[in-house]
Amino acid sequence: MFMDADSWVVAVNLIIWTGLFLYLLRLRKRLRHVEDDLEKEP
Amino acid sequence: MKTFLAWLLWIWISLVIVGAFFYAPVAENFRVPGSSRIVFFHVPMAWSSFLGFIGAAVWSLRYLLRRDPRHDRAAAVAIQLGLLFGVLATVTGAVWARIEWGAWWNWDPRQTSILASLLFYAAYLALRQSVDDPEKRGRLAAAYAMLGLVVTPFLFWIVPRITFSLHPEPVVNASGKVEMDPRIQHVLYSSGLGFAALFFWVHNLECRIQALSERKSAP
Chain A
1 MFMDADSWVV
11 AVNLIIWTGL
21 FLYLLRLRKR
31 LRHVEDDLEK
41 EP
Chain B
43 MKTFLAWLLW
53 IWISLVIVGA
63 FFYAPVAENF
73 RVPGSSRIVF
83 FHVPMAWSSF
93 LGFIGAAVWS
103 LRYLLRRDPR
113 HDRAAAVAIQ
123 LGLLFGVLAT
133 VTGAVWARIE
143 WGAWWNWDPR
153 QTSILASLLF
163 YAAYLALRQS
173 VDDPEKRGRL
183 AAAYAMLGLV
193 VTPFLFWIVP
203 RITFSLHPEP
213 VVNASGKVEM
223 DPRIQHVLYS
233 SGLGFAALFF
243 WVHNLECRIQ
253 ALSERKSAP
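Quick note, the sequences are listed as chains A and B, same order. Reading the first sequence from the start, the letters are residues 1 to 42 in our numbering. Reading the second sequence from the start, the letters are residues 43 to 261 in our numbering.
Honestly, the hints are just simulated from the structure, not real lab data. Among the hints, erroneous ones may be present.
[What the hints assert, rightly or not] Examples of chain A residues lying across from chain B (beta carbon under 7 Å, computed):
no., residue
1, Asp4
2, Trp8
3, Val12
4, Asn13
5, Ile15
6, Ile16
7, Tyr23
8, Leu31
[Claimed, not checked] Result set (DSSO-like, lysine-lysine): computed pairs, CA atoms no more than 30 Å apart in a straight line:
no., chain 1, residue 1, chain 2, residue 2
9, A, Lys29, B, Lys258
10, A, Lys40, B, Lys44
11, B, Lys258, B, Lys178
[Said to hold, decoys possible] The following label-pair restraints were derived from C-beta to C-beta distances:
no., chain 1, residue 1, chain 2, residue 2, range
12, B, Asp223, A, Leu22, 30 to 38 Å
13, A, Thr18, B, Leu130, 26 to 34 Å
14, A, Ser7, B, His228, 15 to 23 Å
15, A, Asp37, B, Trp147, 46 to 54 Å
16, A, Thr18, B, Asp223, 25 to 33 Å
17, A, Leu27, B, Tyr65, 30 to 38 Å
18, B, Ala185, A, Ser7, 20 to 28 Å
19, A, Asp4, B, Thr134, 34 to 42 Å
20, B, Leu189, A, Ser7, 33 to 41 Å
Cβ coordinates follow ideal geometry from the N, Cα and C atoms, glycine included.
Model the full structure from these sequences, guided by the hints.
As structure tokens, this is what we get:
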């Protein structure tokens, strides 16, 4: 399907933003696990 | 940040990206009209940088009052993020300057003042690295960061308004008015809010990472 230049730029920006967002979500989840493990330590 | 709020932020910034290209009109009087869209990303990055530097001064003041290491850590992280957003604003500005003014760097008052503030805060990080005692480091760094309460508004807001600048008119112009198309304002302010939320989210994550790191390295 043909897309104009603006649509391409928007698509690439959305992909980059979504990638960064998912990375932050994953980082938050891993942090929470590490913090929980430390809480359980005697 | 709660998962619901995180996904709200994803939707918010995605709408800003779409709005920047399909809702807001391109500004007039630009050599390359489409280049004006950089305002939706470049300006909020500079605002986030300012937020980081002013936030660091506030956390530093709280550290000096209560001597809580969490405030010292929060100030240091705010400055690291302020530098990150400041560098991003400078780089995106240089790309835009190449397109509109024909050169990456022009020693324009705004370019020069943001460079000066980045150097000022890079020195803050160097200061922190040079002191081993956490208590002494916290006090010195907090005093230095509080100087930013004077330096940062002067460099970010006053210098560009009292000198001739190649830059387009600031959001709030010299006569105290906002003379922008309302649709440009909607996207710009939404982007500013989105970037501020992103700043606080990353700030929270980085503070927690540094707290864990300090706990791990503690004897």
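Is it true that alanine 185 of chain B and serine 7 of chain A lie within 20 to 28 Å of each other by Cβ?
Roughly 51 Å apart at Cβ, these two residues miss the hinted range, so it is violated.
Tell me if valine 12 of chain A is really an interface residue toward chain B, meaning its C-beta lies closer than 7 Å to one of theirs.
Nearest chain B Cβ about 10 Å off; hint violated.
The hint says 25 to 33 Å between threonine 18 of chain A and aspartate 223 of chain B; measuring C-beta to C-beta, is that right?
Holds - the Cβ-Cβ distance for threonine 18 of chain A and aspartate 223 of chain B, about 28 Å, lies within 25 to 33 Å.
Distance restraint evaluation - serine 7 of chain A, histidine 228 of chain B, Cβ atoms, bounds 15 to 23 Å
For histidine 228 of chain B against serine 7 of chain A, whose Cβ atoms are near 21 Å apart, the range 15 to 23 Å holds.
Restraint satisfaction for aspartate 4 of chain A [CB to CB of chain B, less than 7 Å]:
violated (10 Å)
Asparagine 13 of chain A was flagged as interface toward chain B. Is the shortest Cβ-Cβ separation under 7 Å?
Hint holds; asparagine 13 of chain A Cβ to chain B Cβ min 5 Å, cut 7 Å.
CB-CB spacing for leucine 22 of chain A and aspartate 223 of chain B relative to the 30 to 38 Å hint
Holds, since aspartate 223 of chain B and leucine 22 of chain A (Cβ atoms, about 34 Å apart) stay within the stated range.
Using the beta carbons of aspartate 37 of chain A and tryptophan 147 of chain B, state whether their distance is inside 46 to 54 Å or not.
Once the Cβ atoms are compared, 48 Å apart, the range 46 to 54 Å for tryptophan 147 of chain B and aspartate 37 of chain A holds.
Next item in the hint list is isoleucine 15 of chain A. Is there a CB on chain B closer than 7 Å to its CB?
violated (10 Å)
Assess, step by step, whether the Cα of lysine 29 of chain A is no farther than 30 Å from the Cα of lysine 258 of chain B, and give holds or violated.
Between lysine 29 of chain A and lysine 258 of chain B the Cα gap is close to 19 Å, so the pair holds against 30 Å.
Hint tryptophan 8 of chain A vs chain B: min CB-CB distance below 7 Å?
Not OK, violated: tryptophan 8 of chain A not within 7 Å of chain B, min 10 Å.
Take the C-alpha atoms of lysine 40 of chain A and lysine 44 of chain B, compute the straight-line distance between them, and say whether it is at most 30 Å.
Distance ~22 Å between lysine 40 of chain A and lysine 44 of chain B Cα, so the pair holds.
Comparing the model with each numbered hint stated earlier shows that hints 1, 2, 3, 5, 6, 7, 13, 18, 19, 20 do not hold.
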